[in-house]
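Engineer: The chain contents come next:
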Amino acid sequence: MADPDLAIIGAGPAGMAAAVTAARAGLSVVVLDEQARPGGQIYRDVDRAGPEHGAILGADYMQGTTLTQALRSTPVAHIPGAVVWAIEDGFRLSYTIGDRSAQMTAPRLLLATGALERPMPIPGWPLPGVMTAGAAQILLKGSGVLANRAVLAGSGPLIYLVATQMVRAGVPPLALVETRTAGGDLIRAMRYLPGALRGWRGLAKGLGLLAQLRRAGVPRFTGATKLAVEGLDRAEALRFHAGGRDHRIACDTVLLHHGVVPNTQAARSLNVGHCWNAMQQAFVPVLDIWGGTDRPGVFIAGDGAGIGGAGVAEIAGRLAALQIAQEAGHLSKAERDAQAAPLRRARARELAIRSFLDTAYPPCPEALRPADNTLVCRCEEVTAGEIRRAAMLGCLGPNQAKSFTRAGMGPCQGRYCGLSVTALLAEATSQSPDTTGYARVRPPLKPVTLAELAAMDITTSQGDQDDRTDRHQPTHEQDRQA
Amino acid sequence: MPSQSPFSTLDAPDTLVPVRFDDADLMLPLGMNLAAALLAAGIDTFRLTPTSGAPRAPFCMMGACFDCLVAIDGVTRQACQQDVSEGMIITRPAGQTSDG
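Chains as they are written, first to last, in the working numbering: chain A, 1 to 482; chain B, 1 to 100.
Isolated chain B (complex conformation) (with noise of 0.2 Å):
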């Protein structure tokens, strides 16, 4: 899922590590916010809508809007108001479709 990403990085990083996104490996800058790491890394969809199942990713990445919701070892946070730290399990909030 992790493609071509659409967005570029300024910095070399320094530390790179070990983070789950879904079924994806990836390798993100350690301590770079969580949402710009996984845009930078290529992932397009952070969640789908509860409501309709649309796709969703960070829009505002200032702790607003809420679409970049993402669960966390299993506690559902907004990934644009946390850091990258080695070894996060990261998944989409899931089971929350309206048609359950």
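One chain only, chain A, in its complex shape (with noise of 0.2 Å):
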């Protein structure tokens, strides 16, 4: 096979619909995704998922099917276990998949990298036994493996879910603890209901698991404040104030949660131009309505292009694929918008919903601005208090403050800190997020050892590059025969 048309990063609902929509136009396409089976973390492991794990993860998840079945029975060469760690002009992709490295070219790029959990900044959270509640969910998809004595914290429809096929796995968690208030934050979404209104199956689904939650007595707390994870060498306890009183649940897991955010380490690798989403409270790319960047030749769907979630990712990457079988030749724009057409009012529907829930499941206040001593870059153990120094020592952005503090410069590459950093620089310069900016993306993206360096595959000629191709191909086979 010669380069392909399109390169896709990620196998979540945007990618494997990109992927199907640009080949059923005619386009060769290579999907690289870092994980071994399709999915993304939404589907994680859907294939593998027996009716009893369908059960307790519900049949949103089990939908996935759908799109990892159009995926296999479409000509698409999906390449899983692809760690993208550069992404240069042309656009060349350097990848490790195993313990060596490889490249590929293609002349168009799609980014479907989906979402990273907001960074929830608490005191206690780098101890063992505070996860994300997506890695809870991950946990149980991947490996049917459940928290037992588990706290939920923090904000949003997630906690829910979690919570509830936590409890129809027959671990229910010990409490939800939601920092939301039940007066403002539902008074202000408010306003927002009656679009929620045509996304009601939506909302019908949040009443149906929180009457699932009340029936199994899982205790739930709202406007709580004062968050803080006790525990010397782990989790122990979620210490925090509700109801006009201190509280103290001991626990062996803490699983916190105050939304997701778009993850924007590739997009920003290449420059894309990024703006701060008020609403979203994180930054997003700037798009046309196709998912185009202002990079010609890339394009970016699904939760990495904003929040919106499976549904719209899936019909973004749809949309994103005709744009491009129409730059590449292979429809005509009336082709391509026709086919348009049903997509983007499908997309209304399903972006119904945001305003409502975005405001009524706020970030965490004290989240978005940490302690002074609360630790907010993870790898480096940087605390809040030395941002707010460095701001005052004169650090107007997170490159700056990188090199001050170190901030961002760990292993997670500020995928975990950037957004804290970014806004305890903004409030501190009494700047927007805008201005402030964000911390230079670089390459590698994703650590790379040595050996697999030494171990790429630096085809010259034709006949090599079909040698590597043919390799990747097996694991498609391998998973027909799954």
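A few of these clues could be false.
Said to hold, decoys possible - Now the stretches of chain B that chain A is said to cover, found in silico as 3 or more residues with beta-carbon under 8 Å:
| no. | region |
| --- | --- |
| 1 | 16-28 |
| 2 | 65-77 |
| 3 | 82-92 |
Unchecked claim - Facing chain A, a subset of chain B residues (Cβ under 7 Å, in silico):
| no. | residue |
| --- | --- |
| 4 | 4 |
| 5 | 7 |
| 6 | 9 |
| 7 | 10 |
| 8 | 32 |
| 9 | 33 |
| 10 | 52 |
Stated by the list, open to error - Simulated DEER-style distance windows between Cβ atoms:
| no. | chain 1 | residue 1 | chain 2 | residue 2 | range |
| --- | --- | --- | --- | --- | --- |
| 11 | B | 74 | A | 392 | 38 to 48 Å |
| 12 | B | 52 | A | 393 | 47 to 57 Å |
| 13 | B | 4 | A | 294 | 19 to 29 Å |
| 14 | A | 66 | B | 27 | 21 to 31 Å |
Keep in mind the hints are simulated off the structure, nothing from the lab.
Note that the coordinates shown come from a computational prediction; the quantities given were computed from them, not determined experimentally.
Every residue, glycine too, gets a C-beta built ideally from N, C-alpha and C.
Both chains come to you apart, so use the hints to assemble them.
Structural biologist: Okay, here's the thing in structure tokens:
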């Protein structure tokens, strides 16, 4: 196989839908994905979930098999276990697979790298026993592993979903500790209720989850403040203030969540323009109506383009693929627009509930403005106070703050402190997040060993390329047999 | 060091294989996500930070946070991005405290 017409990074709903749409339009497509099996985090390991797991995880999760089956039955080169660590002009992609590196070139690129949990710096959050709510879901989806004595803390519908899945699995959480206020946040959200009612299925699902949790007798606290994880070598309890008094819940696991944010690492490494989205309290890439960026040939779809959830991601993947197919000469503009029209209507329906959710479940305020002695950079162990002091010394942006404090210089490369550092600097310097900016992202996007580099498959002839591609194909077959 | 695990597992494992984690000899389900398998086996601390020596364990489970770093046969890897294979020798990334 020669260079593909389109390279897609990520095999979640956006990446899978885009791959299938583009391939059906006649493009040659390669999908590089870090995971061993397609699905992304939302549909992680959906193909391996039996009826028992399916009953626990729910119908929305099992819906993912529609996409994985479409991916398998379409001529797309899906390369699992591929960790992309550099994207250069052209676009040349460098990635690690197994114990060696490889490269490929594609004229068009779709980034479908999804979301990350919004960092939730509270006292004690780096302790063993503290994980994200998303991590709990991944443990359940991928490995059937559940936390026995867990408290879910933070904000957002995902907390209800994880709690309900734990109830169904017979291991209910000890408590839900919500930072949203049942009064203020919900009242502010009410003006978006008419829109949300257009997405009534989402609302009904949320109410259904709450009813299940009530029946299971899971205690719920709202308006919680002063959240802190207690413990010396591991989490032992969650402390918080709610309903006018202090609480302490002894537990083994604390699952934190207050929303997800776009994973912008790959896009930023390409210098794609981003802007601050105040409603989502996160940076999002600047995109046209097809998901095209300010870098010609680079597209973004899915939660990496702004949080919309799996349904929106799938539609956005298809829309980007239509535009890419048109640019590549496989569709006329009329064909593209005819196929896009119903997708745009479906996307509007899917997005109708977002403003309501974003307002009803705002991020936890004290985790957006952590106390001075709370760690914000987990890797280099830099506190919020150190970032504020760097601002007082004249640091206006994250790149300077990185030089002063090392925040963002560790192995996670700012994935779990970047937004905190920007927010802290913006507040301290009275500048907007846009002016403050974000730490520069450079390759390697993921660590690569010298041995993996030394084993790089540097192909110069067509024959070598054929050889390389053939070796990736069997995984596709193995998937089919599994 | 492996104690009563704070985690339980839904499915009975098919095949258990020996894996060594520091001084502990473990039997882990073949092919299971390594971080999940270690957590289910009662491993609390995956590594100590190079900066302060503070204990860390899996946080994000999706390859983004790097808190589950372990040395597998001498090479530093994210445990959440690996599967269990027979005879893995796992150590906590060593010799990286700031006082050397």
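Engineer: Give a verdict on every hint.
Structural biologist: A quick look at each hint next to the structure:
Coverage of the region 16-28 of chain B by chain A is violated [criterion: at least 3 residues with CB-CB distance below 8 Å; count 0]. With a cut-off of 8 Å between beta carbons, the region 65-77 of chain B has 6 residues touching chain A; three or more are needed, and the interface restraint holds. Only residues whose C-beta sits within less than 8 Å of a C-beta in chain A count toward coverage, and the region 82-92 of chain B has 1 of them, not enough to reach three; the restraint is violated. Evaluation of the residue 4 (chain B) hint against chain A yields a violated restraint, the C-beta minimum of about 9 Å exceeding 7 Å.
Nearest Cβ of chain A to the Cβ of residue 7 (chain B): about 5 Å, under the 7 Å cut. The hint holds. At its closest, the beta carbon of residue 9 (chain B) sits 6 Å from a beta carbon of chain A; the interface hint therefore holds under the 7 Å criterion. About 4 Å separates the beta-carbon of residue 10 (chain B) from the nearest beta-carbon of chain A, less than 7 Å, and the hint is met. Satisfaction of the interface hint for residue 32 (chain B) is found here, the shortest Cβ-Cβ separation to chain A being roughly 6 Å, below the 7 Å cut-off.
The criterion of a C-beta within 7 Å of any C-beta in chain A is met by residue 33 (chain B), whose closest approach is roughly 5 Å, and the hint holds. This hint holds: residue 52 (chain B) has a C-beta 6 Å from the nearest C-beta of chain A, less than the 7 Å allowed. Against the hinted window of 38 to 48 Å, the Cβ-Cβ separation of residue 74 (chain B) and residue 392 (chain A) comes to about 43 Å, which satisfies the hint. Taking 47 to 57 Å as the suggested C-beta distance range, the pair residue 52 (chain B) and residue 393 (chain A) does not conform, at roughly 23 Å.
In this structure, residue 4 (chain B) and residue 294 (chain A) break the distance hint of 19 to 29 Å, their C-beta atoms being roughly 54 Å apart. Checking the proposed 21 to 31 Å range against residue 66 (chain A) and residue 27 (chain B) shows it is violated: the Cβ atoms sit about 37 Å from each other.
In this structure, the earlier hints numbered 1, 3, 4, 12, 13, 14 are contradicted, and the remaining ones agree with it.
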